[in-house]
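Chains A and S, in that order, give the protein sequences.
The numbering of the first sequence is my numbering, which starts it at 1 and goes up by one.
The numbering of the second sequence is my numbering, which starts it at 321 and goes up by one.
Source of the hints: derived by calculation from the structure; they are not laboratory data.
Being a predicted model, the structure only gives us computed values, none of them experimental.
Every residue gets a Cβ at the ideal spot worked out from N, C-alpha and C, and that includes glycine.
There is no bait here: all hints are sound.
List time: in silico DMTMM-like cross-link candidates among lysine to aspartate or glutamate, alpha-carbon distance up to 25 Å: (1) K474(S) with D39(A); (2) K474(S) with D562(S); (3) K143(A) with D207(A); (4) K474(S) with D559(S); (5) K146(A) with E406(S); (6) K218(A) with D207(A); (7) K414(S) with D427(S); (8) K497(S) with D81(A); (9) K101(A) with D501(S); (10) K143(A) with E215(A); (11) K497(S) with D525(S); (12) K497(S) with D282(A); (13) K146(A) with E212(A); (14) K73(A) with D501(S); (15) K414(S) with D435(S); (16) K73(A) with D105(A); (17) K237(A) with E215(A); (18) K237(A) with E212(A); (19) K107(A) with D282(A); (20) K101(A) with D81(A); (21) K497(S) with D105(A).
Not close to chain S: a few residues of chain A, all C-beta gaps over 10 Å, as computed: (22) R46; (23) L89; (24) G93; (25) L99; (26) K101; (27) F112; (28) R204; (29) L209; (30) K237; (31) I240; (32) G241.
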Amino acid sequence: MTTTAPAEPGVQDTVVTPRRRRSRQVAEEPERGILSAADRRRPQVRVLGTIVNVVLGVCLVVIGLVPLLWLLKSAVTPTQDTLTQPLALFPNGFAFSNLFKAWNDVKIGDFFFNTIWMAAGEWAVQLLVATTAGYALSVLRPKYGKIISGLVLATLFVPAVVLLVPLYLTILHPPLIGHSLINTFWAVWLPAGASAFNVLLVMRFFDALPREVFEAAKTDGAGTFRLFWSVVLPMSKPIIGVVSVFAINAAWADFLWPNLVLTNIGIQPLSVRLPQIQSSTDLGVYLAALTIATLIPVAIFLIFQRTFLRGGGLGGAVKG
Amino acid sequence: MTSTVTRATTDAPGPPAIVPAAPGRGPASNRSSAPGSRTDDSARALARRRRHNPITWVQRGGLTTLLFLLPLLIIFGVFSWTPIVESVIMSFQKTNLVTAPVFVGWDNFVAVFRDPVFWVALRNTGYFAALALLFGYPIPLVAAVLMSEVRRMKGLYSVLAYLPVVIPPVVSVLLWKIFYDAGPTGVFNTILSWVGIPPQPWIQDAATAMPSLVLQATWAGAGGTIIIYLAALTSVSPDLYDAAEVDGASIWGKIWHVTLPQLRGILFITLILQIIATAQVFLQPFLFTGGGPVNSTTTILLLIYQYAFTNSLGGAYGQATALSIMLAAFLAVLSVVYFRLTSRWSDE
Chain A
1 MTTTAPAEPG VQDTVVTPRR RRSRQVAEEP ERGILSAADR RRPQVRVLGT IVNVVLGVCL
61 VVIGLVPLLW LLKSAVTPTQ DTLTQPLALF PNGFAFSNLF KAWNDVKIGD FFFNTIWMAA
121 GEWAVQLLVA TTAGYALSVL RPKYGKIISG LVLATLFVPA VVLLVPLYLT ILHPPLIGHS
181 LINTFWAVWL PAGASAFNVL LVMRFFDALP REVFEAAKTD GAGTFRLFWS VVLPMSKPII
241 GVVSVFAINA AWADFLWPNL VLTNIGIQPL SVRLPQIQSS TDLGVYLAAL TIATLIPVAI
301 FLIFQRTFLR GGGLGGAVKG
Chain S
321 MTSTVTRATT DAPGPPAIVP AAPGRGPASN RSSAPGSRTD DSARALARRR RHNPITWVQR
381 GGLTTLLFLL PLLIIFGVFS WTPIVESVIM SFQKTNLVTA PVFVGWDNFV AVFRDPVFWV
441 ALRNTGYFAA LALLFGYPIP LVAAVLMSEV RRMKGLYSVL AYLPVVIPPV VSVLLWKIFY
501 DAGPTGVFNT ILSWVGIPPQ PWIQDAATAM PSLVLQATWA GAGGTIIIYL AALTSVSPDL
561 YDAAEVDGAS IWGKIWHVTL PQLRGILFIT LILQIIATAQ VFLQPFLFTG GGPVNSTTTI
621 LLLIYQYAFT NSLGGAYGQA TALSIMLAAF LAVLSVVYFR LTSRWSDE
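Make the full structure from the sequences, and use the hints.
What follows is the structure in structure tokens.
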């Protein structure tokens, strides 16, 4: 990548000083795209551009927002109305009771907290593995580090399905522990830590940290642990934020693996439970349950939009 | 890194008392070295030996480094590296969890090839991937190019495009299952009735099931690709557009001769990534149709799952791992060939 640093926002400045930087860019001459200023002044382009803009906007609202709004609407609509007139807007009033029934009678509340507990554990394990490994491989840099990071990178190219059966048997008969981890949260927490993507993301960030700071800290008498806890970790809040958001979202979305290892209803997360209750639940209550399961991920997205939308930029960086 | 290396070399000619001489070869090599001219060599040999010494290794913090690597080594060792190796081994074994595994050579692979459902699954997966390319590959590109030219609402448009991606996949499939209700008052059938199209069977008919699955998968995945393209579009140098205009290029000309060639690299990558992802489709067939009607949506991954976990005769783990190894090998070969072919076009 030959572009100058400020034009290519890296991982570092995703969260650090985003707002100031953005407002400055808007104040300056906006970067041009395909259309030039002259193009934009041509009446034909103006009319066509407005039409395209409106059509694009309507399409995006219909595709991105309307299904969610329909879900939200149907969650508080009586089942009969949803069945007979799915697209009518509250022809016979509301049914807020759907939400309460879903939360209490169908026990969506329990599965909701199971999901949170599952996500919290996966987040903790992923963060522990990624930060300690990133510190060891990118800051301490032992000689054999290249081999280990190579082995981690290699797992990125192995499709997850290859792991499915042996991993299941490992959870059934884990080494050293002596009893099966099936139907315990450890069965989802521990394998989640083996995320090569996280390790490489953190390593890339740690590689870019100024090494003079580490030298200075060492000169001031900081040991290896002190350097990790008091210097490196506080400097890496942005990347910890990125990894956290991705980890929590991935945990919320995961289905195949928890469906295999969490067969006990009492500890199942929403993603595993929702398909099972479909046939036995009243449609209105069921849609309310789906709505509850959607709220947290959508809320996380709306709060951390920039992390998600810059995440695409991470993919774009592969280009260089 | 650099500091430790320099320290090691400068320390080397220091007092030999600290250097714990390695038993055996150490003194002999010292004695054999000629005086004067060989001192540099022996000093370097000493330094090398010192660096490999366990005690100095611990003193330099080697153990602490290893301690920091421990979480990675344990988690990746137990839950990633070992299972990958085991998967290869198991594909050549007969495992039933009761008796010890038996080596059976290529039997598992042969069993997969003899299974008629495998060929159906292979065709279905190919069909899914082809349809997904047809629907899903051009749409994000067109959407991203249009969105990148929007001045004011760009942020809002990106959020709207990405919303389907953040809905949990299970919820999104279950929601679409309701949309796909085959009755005349199903959500999609109601919309079709507005324009006079009769109700469609959607996922309940072998002919329409797979396109319905692809439609939902495209809806759920397009946002992520759009965001990648939007990021790539911002890195296209404005100078190129300026230069194209000097040469009298129209708007289409600029898109065709500047935008698309500049996106070439990322377009190649998203294409192969999409093929790799669709070859492993599982959630849609599993939750929408369970592989039906009459195996019309059974995919390779669904078959692997069925071999291993929904087998009435006990898990056919050998067959399941054999098929997953074949899938991985196929995708690896495909990627290598693909990057060989495209690197020639991307580099010029």
